[in-house]
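Chemist: Each chain is listed here by its residues.
Number of protein chains: 2
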Amino acid sequence: MIEPAFEKAGGLVPAIAQDAATGEILMLAYMNSESWRLTVETGTAHYWSRSRGKLWKKGESSGNVQKVREIRIDCDSDAVVLKVEQAGGAACHTGFKSCFYRVVRDGVLVVEGERVFDPDEVYGAS
Amino acid sequence: MIEPAFEKAGGLVPAIAQDAATGEILMLAYMNSESWRLTVETGTAHYWSRSRGKLWKKGESSGNVQKVREIRIDCDSDAVVLKVEQAGGAACHTGFKSCFYRVVRDGVLVVEGERVFDPDEVYGAS
Numbered sequence: 001m002i003e004p005a006f007e008k009a010g011g012l013v014p015a016i017a018q019d020a021a022t023g024e025i026l027m028l029a030y031m032n033s034e035s036w037r038l039t040v041e042t043g044t045a046h047y048w049s050r051s052r053g054k055l056w057k058k059g060e061s062s063g064n065v066q067k068v069r070e071i072r073i074d075c076d077s078d079a080v081v082l083k084v085e086q087a088g089g090a091a092c093h094t095g096f097k098s099c100f101y102r103v104v105r106d107g108v109l110v111v112e113g114e115r116v117f118d119p120d121e122v123y124g125a126s
Numbered sequence: 001m002i003e004p005a006f007e008k009a010g011g012l013v014p015a016i017a018q019d020a021a022t023g024e025i026l027m028l029a030y031m032n033s034e035s036w037r038l039t040v041e042t043g044t045a046h047y048w049s050r051s052r053g054k055l056w057k058k059g060e061s062s063g064n065v066q067k068v069r070e071i072r073i074d075c076d077s078d079a080v081v082l083k084v085e086q087a088g089g090a091a092c093h094t095g096f097k098s099c100f101y102r103v104v105r106d107g108v109l110v111v112e113g114e115r116v117f118d119p120d121e122v123y124g125a126s
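From first to last, the protein sequence lines are chains A and B.
Position one of the first sequence corresponds to residue 1 (our numbering), numbered consecutively onward.
Position one of the second sequence corresponds to residue 1 (our numbering), numbered consecutively onward.
Derived by calculation from the structure, the hints in this document are not laboratory data.
Please read these numbers as outputs of a predicted model, since none were measured by experiment.
No false leads were mixed into what you were given.
DSS-like mimics (lysine-lysine), calculated; alpha carbons at most 27 Å apart, straight line:
{"hint": "1", "chain 1": "B", "residue 1": "K8", "chain 2": "A", "residue 2": "K54"}
{"hint": "2", "chain 1": "A", "residue 1": "K67", "chain 2": "A", "residue 2": "K83"}
{"hint": "3", "chain 1": "A", "residue 1": "K83", "chain 2": "A", "residue 2": "K57"}
{"hint": "4", "chain 1": "B", "residue 1": "K54", "chain 2": "A", "residue 2": "K8"}
{"hint": "5", "chain 1": "A", "residue 1": "K67", "chain 2": "B", "residue 2": "K83"}
Chain A residues, not near chain B, derived (Cβ > 12 Å throughout):
{"hint": "6", "residue": "F6"}
{"hint": "7", "residue": "E34"}
{"hint": "8", "residue": "G53"}
{"hint": "9", "residue": "L55"}
{"hint": "10", "residue": "V65"}
{"hint": "11", "residue": "V122"}
{"hint": "12", "residue": "G124"}
For each residue, glycine too, the CB sits at the ideal point set by N, CA and C.
Please construct the entire structure, taking both the sequences and the accompanying hints into account.
Modeler: Printed below as a string of structure tokens:
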């Protein structure tokens, strides 16, 4: 199977999830070889959670899975773009459509994003 | 100065350069604190070259600099999006507009990208 240069990259490569329809960048996560294989075979995005140290099917808790429409590999084979259809309309665990919902403007961070869901309702209040 | 969580990330965070006009993802590179500061202060993209182990002003050899129109930080403060105007029309050292010029299709890599320049002419034949 064609795959990124996982070994050269130390096992993980960054994967950018991009809205297949609008081009909006939704999130950046990491993939290992197993998550790559599952993504290609199932057509649903799988990543490697560095914080939890485990395979992570995106949307396994929230239901907000990502159907993969296209996969691209960069010139050095150490970064990936997934063009996806984002179920639920939001990729970010905070409820925003995109994890990149904060803009640097005049030296401060400004929230500029669309909040789609209340995380307490989706994941349960903590 | 507002900045990503470089310390938590081990000094480097991935930075995605996206065409400000079209939304096309041009490349993924890495930033350290100094390249972040220079990018914010000058409005021109600076990265950290992991292969060369040095600060890298994008376009310093090719002239294909990136004017930064917007900077976004993700929810965990460990990834960055730069919306840029790409001078010369190409971000990739291979001469393609985007480094992500290869698509996985039916298990093989297919070149699907716009080649803008001949790298031998820009960098000199090797």
